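One-letter residues, chain by chain:
2 protein chains.
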Amino acid sequence: MSRPTPLSGFPEWPPSQRLIEQNVLDHVRRTFELYGFAPLETRAVEPVDELLRKGETSKEIYLLRRLQADEPEDAGEALGLHFDLTVPFARYVRENAGKLTFPFRRYQIQKVWRGERPQEGRYREFRQADIDVVDRDTLAVHYDYELPIVAAEALAGLPIPAVVIHTSNRKLAQGFYQGLGIADPPAVLRIVDKLDKIGPARVVAELVDAVGLTDAQAKACLALAEIATDDASFADAVRRLGVDDPLLDEGLAELSAVMDAASALAPGLLKADLSIARGLDYYTGTVYEAKMRGFEKAGTVVAGGRYDNLAESGADRFPGTGISIGVSRILGLLFGAGVLSVSRQVPACVLVAVVAEERRAESDAVAAALRRRGIATEVAPAAARYGRQIRHADRRGIPYVWFPGEPGAPGEVKDIRSGDQAAADPATWEPPAEDRDPRVQGADPAG
Amino acid sequence: MSRPTPLSGFPEWPPSQRLIEQNVLDHVRRTFELYGFAPLETRAVEPVDELLRKGETSKEIYLLRRLQADEPEDAGEALGLHFDLTVPFARYVRENAGKLTFPFRRYQIQKVWRGERPQEGRYREFRQADIDVVDRDTLAVHYDYELPIVAAEALAGLPIPAVVIHTSNRKLAQGFYQGLGIADPPAVLRIVDKLDKIGPARVVAELVDAVGLTDAQAKACLALAEIATDDASFADAVRRLGVDDPLLDEGLAELSAVMDAASALAPGLLKADLSIARGLDYYTGTVYEAKMRGFEKAGTVVAGGRYDNLAESGADRFPGTGISIGVSRILGLLFGAGVLSVSRQVPACVLVAVVAEERRAESDAVAAALRRRGIATEVAPAAARYGRQIRHADRRGIPYVWFPGEPGAPGEVKDIRSGDQAAADPATWEPPAEDRDPRVQGADPAG
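Protein chains in written order, with our numbering: chain R, 893 to 1339; chain B, 893 to 1339.
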């Protein structure tokens, strides 16, 4: 059989990069748990009609069918792979509302799938790390600032470039447009959302040509979108534009609350940026979006917002707010740039050499003693000459090689980086703390 | 929209059970890492022709197609969800052989999918935890005992019923059958594999009727299958059956090596059991299989074996051996029996009460101080009366409620289980070690 080749859009990282990913995921998960978010995992599949509640994403869905189905699948029962973690979560809340205690805070770290044409930094299979809070009937506004702070803190603790979360509020923009007398605010939002890509002149031109705004209206919309501040001072800038509307007031109050709290609790991690709109139509208030410093062109790596109407079930309403970290995209970009490294390719801190194949049990015993104290240890694959056994360790970045002593005599442990070698007892020997587990480090871009 | 209902075969566990699952996965992963296995994750999909290299499982595959594909999918490019982690791993090794260092030890903990009709303890989506070692050309026999010991240790450290790994060797059985002059050893294996289910009398009857064995041959096959010992003494029992064959000798030597090492390194965790055959046809030597004590009827929860021919690529051979822990099946059985519990439903150890909504920042500051020292903390959702805030903690099993003091005065922390309350400083207060994180416990079956 010929050698298989990679599938475009379905990344597979070698163990050294998977070590980095696990390290990142452990840190993100630990941060989520420190804030009391409970773990949840939903199944990978949803009924297609659940996935299509928002028609906009229909192109991206992978449908399933059984290779040898006994009968034709009933279209109403067709299953598809989830394309995000928010739609499944909203379904989960509606399905289990009677058993959950509200407000319900959960995190969810899973793969999602999209049948899109793959391109740089875009995958067909990728992992997201989401937190959401959902309540019954109404959801307090303080969650609008808590969630982006948690996400920003999770990322700030990692050896990756800065990820500042840009925040805006749908009510603010929509109220502003209403106050200007604009009939179709969503059409304006969609164009303003492209400011980054097409620039201010084309935004104004499209607002005039495609939505039929006056030049003054279009320029006011642009002026709003260009407001960006590190604190709550954006509100004064908005006021200076001279537009008045009750929904605008609501949006200003909500975004000010977010920025006030962020300035106090997580200075520098959030930014008010009124150009942020988010394409998906289920957001109803605060929205979030972030790019990674130095990788702005690669697009959004964190996104989210408040959805007051996503999880409705009969007369029950479950407003929510959530934020999603694009773990695969972040790591894919950093791996591509060669700016993340790990101190070794395997978990093992020690390789125990084997003196002779019939004495392997002695090496197994040394390894067992080290493992009992939490030191990851591998036993050499074969009783080859020592040079070869040391090379086995060296190739994997395992820092220590243990040579079992003759029966009754102590063994010795060698740091193969320095060459230092000393007698040691497997019941008490400790590696330096920094050698115990693989260490992940940010590095300057190669080359 | 009506309330959604569960999908049969796609389990979704509530956060309290997901906490238990994560605890189990963390322990299993940590054990794998202590033995130096490197992490690997393969994509969820494989080309269908990779999945069909073993035709036997073709009925179980879920195929993918894009909901709105631009052109009809080329059948040769059809993708399916993987149904185990061994076939994708063998493909990964062939694809990346040039970049890997051999012997290559990896663990892989992922979901797999099978389009089977769901039944008790059988899922369509479930998680497995696998370890494998693959080498180039030949693979040393000591891995045949290392892997089941690792899997057995991983499970022995959990609060679950005992899982003793039963071990046999394909060469031993095949050599024995050859020595008896039987023409179709695989046919015999398939029938002997059902000993548990159909009993000895029907095994003998089927061997005579379906395979055409003489009564003496059939009884000898049964006698072999009934040999089970806790150490290497099985070999004497086999010898007493008076059959002679070079392949039988090889099998006996390999299984004896496994049992000798297991008796020394992990007494009681492995058992030689010559009834074990394993249905899948890629195993070539040692095979493993385990049931969970008290849940024997629910079937196999650990399985694996040596596959010398699974990963071949042109002239290159990559013999391997591996073992797989059925994490979802184990937990599904224990959840169903109500024999696993967790000390709380959320990660939070502390709930910080909110005195008044306009003083929420004081509670946020207390929470931040606790989190900085690794104490998982949630802030109350609303400045309700304290009784209601305490009930919020009580419902989730959060053991401590923190009451911020008046500005300048110290706060107090209450253990809501005992009612004990004392002044405390968030910069120094420590919960008892057993309260820091949710604790998982085995429990007697309910009722």
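Hints may be right or wrong, so weigh each one.
[Unchecked claim] Pairs of lysine to any residue residues, derived as SDA-like cross-links and limited to a Cα-Cα distance of at most 20 Å, are as follows:
id, chain 1, residue 1, chain 2, residue 2
1, B, Lys1003, R, Pro906
2, R, Lys991, B, Arg958
3, R, Lys1111, R, Val1096
4, B, Lys1163, B, Lys1189
5, B, Lys1183, B, Ala1158
6, B, Lys991, R, Thr934
7, B, Lys1111, B, Asp1136
8, R, Lys1003, B, Thr934
9, B, Lys1003, R, Thr934
10, R, Lys991, B, Phe902
11, B, Lys1003, B, Leu944
12, R, Lys991, R, Asp1027
13, B, Lys991, R, Val1103
14, R, Lys1089, R, Gly1071
15, B, Lys1086, B, Lys1189
16, B, Lys1003, R, Ala1093
17, B, Lys1003, R, Gln1002
18, B, Lys1163, B, Arg1263
19, B, Lys1163, B, Ile1119
20, B, Lys1003, R, Asp918
21, B, Lys991, R, Ser908
22, R, Lys1086, R, Tyr1174
23, R, Lys1003, B, Arg1236
24, R, Lys1003, B, Arg958
25, R, Lys1183, R, Thr1121
26, B, Lys991, R, Val1234
27, B, Lys1086, B, Ser1125
28, B, Lys1189, B, Val1219
29, B, Lys991, R, Ile1001
30, R, Lys1163, R, Asp1123
31, B, Lys991, R, Ser900
32, R, Lys991, B, Ser1235
33, R, Lys991, R, Arg1028
34, R, Lys1003, R, Gly1071
35, R, Lys1003, B, Val1219
36, R, Lys991, B, Val1234
Keep in mind the hints are simulated off the structure, nothing from the lab. Being a predicted model, the structure only gives us computed values, none of them experimental.
Hints and how they fare:
no.: 1; hint: B:Lys1003 - R:Pro906; in the structure: holds (19 Å)
no.: 2; hint: R:Lys991 - B:Arg958; in the structure: violated (35 Å)
no.: 3; hint: R:Lys1111 - R:Val1096; in the structure: holds (6 Å)
no.: 4; hint: B:Lys1163 - B:Lys1189; in the structure: holds (19 Å)
no.: 5; hint: B:Lys1183 - B:Ala1158; in the structure: holds (18 Å)
no.: 6; hint: B:Lys991 - R:Thr934; in the structure: violated (35 Å)
no.: 7; hint: B:Lys1111 - B:Asp1136; in the structure: holds (16 Å)
no.: 8; hint: R:Lys1003 - B:Thr934; in the structure: holds (12 Å)
no.: 9; hint: B:Lys1003 - R:Thr934; in the structure: holds (12 Å)
no.: 10; hint: R:Lys991 - B:Phe902; in the structure: holds (19 Å)
no.: 11; hint: B:Lys1003 - B:Leu944; in the structure: holds (19 Å)
no.: 12; hint: R:Lys991 - R:Asp1027; in the structure: holds (13 Å)
no.: 13; hint: B:Lys991 - R:Val1103; in the structure: violated (55 Å)
no.: 14; hint: R:Lys1089 - R:Gly1071; in the structure: violated (27 Å)
no.: 15; hint: B:Lys1086 - B:Lys1189; in the structure: holds (13 Å)
no.: 16; hint: B:Lys1003 - R:Ala1093; in the structure: violated (49 Å)
no.: 17; hint: B:Lys1003 - R:Gln1002; in the structure: holds (10 Å)
no.: 18; hint: B:Lys1163 - B:Arg1263; in the structure: violated (47 Å)
no.: 19; hint: B:Lys1163 - B:Ile1119; in the structure: holds (11 Å)
no.: 20; hint: B:Lys1003 - R:Asp918; in the structure: holds (18 Å)
no.: 21; hint: B:Lys991 - R:Ser908; in the structure: holds (12 Å)
no.: 22; hint: R:Lys1086 - R:Tyr1174; in the structure: holds (18 Å)
no.: 23; hint: R:Lys1003 - B:Arg1236; in the structure: violated (27 Å)
no.: 24; hint: R:Lys1003 - B:Arg958; in the structure: holds (17 Å)
no.: 25; hint: R:Lys1183 - R:Thr1121; in the structure: holds (16 Å)
no.: 26; hint: B:Lys991 - R:Val1234; in the structure: holds (17 Å)
no.: 27; hint: B:Lys1086 - B:Ser1125; in the structure: violated (24 Å)
no.: 28; hint: B:Lys1189 - B:Val1219; in the structure: holds (17 Å)
no.: 29; hint: B:Lys991 - R:Ile1001; in the structure: violated (29 Å)
no.: 30; hint: R:Lys1163 - R:Asp1123; in the structure: holds (7 Å)
no.: 31; hint: B:Lys991 - R:Ser900; in the structure: holds (19 Å)
no.: 32; hint: R:Lys991 - B:Ser1235; in the structure: holds (18 Å)
no.: 33; hint: R:Lys991 - R:Arg1028; in the structure: holds (13 Å)
no.: 34; hint: R:Lys1003 - R:Gly1071; in the structure: violated (42 Å)
no.: 35; hint: R:Lys1003 - B:Val1219; in the structure: holds (18 Å)
no.: 36; hint: R:Lys991 - B:Val1234; in the structure: holds (17 Å)
Taken one by one, the earlier hints fail for this structure at numbers 2, 6, 13, 14, 16, 18, 23, 27, 29, 34, listed in ascending order.
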